[in-house]
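Construct all of the structure, not just a fragment, from the sequences and the given hints.
Protein chains in written order, with our numbering: chain A, 1 to 290; chain B, 1 to 276.
The hints are simulated quantities; they were obtained by calculation from the structure and are not laboratory data.
Since this is a predicted model, take the numbers as computed values, not measurements.
Where hints are given, some of them may not hold.
[Stated by the list, open to error] Quick list of in silico lysine-lysine cross-link-like pairs, DSSO-like style, CA-CA up to 30 Å:
1) 237(B) with 243(A)
2) 269(A) with 241(A)
3) 290(A) with 52(A)
4) 48(B) with 124(B)
5) 240(A) with 222(B)
6) 171(B) with 243(A)
The primary structure of each chain is shown beneath.
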Amino acid sequence: MVGNIIAITVQDFTYAYPNHSAVLQEINFEVRKSEMVGIIGPNGAGKSTLCKSLNGLIPHFYGGSIAGSVTVADMDTMKHSVAELSLKVGLVFQEPSNQFSGVSTKVDEEVAFGMSMMGYPREEMRPRIEEALHAVGLQGLEERSPYELSGGQQQRLAIATVLAVRPEIIVMDEPTAQLDPVGKTEVLQTMRDLNGKGYTIIVAEHEIEAMAAFADRILVLDHAEIVTQGETRKVLNEVKKLKQMGIDPPSVTELCEILRGELKIDEGKFPIELNEAISLFSQVLGEHAK
Amino acid sequence: MKLIEAEDVWFSYNHEVMALKGVSLGIGKGETVALIGQNGGGKTTLAKHFNGLLKPTKGRVLVKGVETRTLPANKLAFTVGYVFQNPAHQIFSSKVRDEVSFGPHNAGLSSDEVERRTAEAIEKVGLKGYEDVHPYDLDYGKQKLLTVASIMSMNPEVYCLDEPTTGQDHKGRWMVADLIHRLNDSGATVVVITHDMRFVAEVAKRVVLIADGRILADMPTKEIFEKSEMLRSAQIKPPQITELAHSLTRYNVPASILTVTEMADALQSILRLHQR
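In structure tokens:
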């Protein structure tokens, strides 16, 4: 359940990479513990930069200029190192192979890698590896090479390497973009399971139908700014605004915007999922047929 | 005569496992065909036979009536262009312009013609202004468009596009869809490999479903999404709007609906009919 504990606070946050103009402008939002928040927007809008700002890679690794603040699990990201922050917030990249250490020849070694770099004792690592692999459904593949896994399995392994550290917050940057439909479904389901277990999840994603089904709230990023944010239904109902930015809302929502006159329902009440649309249209067509 | 004809094509990468197991199909001029199916099923292997990158282990492939086994790939490139899934497997120049002009230049065309084709292809994919940019400084979506442009400059009759929408944002998807429509309008034949069923519904008139090295179905796009059991066994989900149509057929909504616009039109006419 989503409570009132604040997991992330981003306040008047503006950021520019060294020698570049600002890629994030005056960003303001809050995420509560156990929420799932989707970040949507065109490529180049600043989604990846925002993700990297949540685990301290920005500013500590990338440098650049900053105004405002990012507070994650009560830690100001400017004042805490990436190593400290990584205990509370894990980042999953778009390409699973970018996440892998490249030195592990086995799945369980890959999960252990992050912990061993942090100096965890051996006896502490074993149960965490088991727990993490179990959470992403990769138990039984401990001996496999990470490079012999399918795309979806690789991405789930990348998630497991993050989970082993037992963070509170998981940030994912387009984790399904490079995957086939089977892989996409695996990763989205894993994401949903983890959220069900209480993890706070922030995910940048183009899969709008999955966001409609899973996300509690959505932030829309365009040209370095948050142009709209709020409860998932409210944001996805702003069909015209989204289309103008080049974002396709769920097909059923777009349909209702076109048929607004006939349907006599207001923006804000359009269905965002298939099942809702089926019941709405069955009712409307059923009444007309009488 | 079909432009491309595959006759009982079998193919093995390692002489042990067969990646294609007796595939036959013909593709005519001006068609837009989507090859769909899960990874490992043989989509890319089949498409690579169309331009001679792969030659059948058994059976034969004819391009404009000539067997690909008798033609070198560089000759076939004039007829069938292949755009790889991963732009990094294709891009090798340090400037957008050079990448696009390489094909026609290498083919020995006059420098005026090379220049004309290069400019035209760059413009058509929407990369005008990026001529001097290093391809790897482009975002992934634009890199994909660049790889299409570098094939367009060869002016082939057939385009094989391998997963052109992977890694694209919604805008990028529409750009690729629009590009395919324009290529097709100008007479080109387009074969597209994709997992994106909404994209299939928007761009392809015919769908070939491939699994385990065999063709499971080959039919108009309007019909294939009605084969729900077959699609489920191949783990393919129709576009959301088509699924909605399927759930509303008892109210006279046609099951063949593929796009939001078609659905809106159908519902409007049903609702108006009842109002009268």
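Given hint residue 124(B) paired with residue 48(B) - CA-CA distance at most 30 Å: holds, 25 Å
Hint consistency between residue 269(A) and residue 241(A) [alpha-carbon to alpha-carbon, up to 30 Å]: holds, 16 Å
Holds or violated: residue 171(B) to residue 243(A), with C-alpha atoms at most 30 Å apart: Holds, at roughly 9 Å.
Hint consistency between residue 240(A) and residue 222(B) [alpha-carbon to alpha-carbon, up to 30 Å]: At roughly 28 Å apart (the allowed maximum being 30 Å), residue 222(B) and residue 240(A) satisfy the hint.
Holds or violated: residue 237(B) to residue 243(A), with C-alpha atoms at most 30 Å apart: holds, 24 Å
Holds or violated: residue 290(A) to residue 52(A), with C-alpha atoms at most 30 Å apart: Roughly 56 Å separates the two Cα atoms, so the pair is violated.
Violated hints amount to a single one, hint 3; each of the other numbered hints is respected by the structure.
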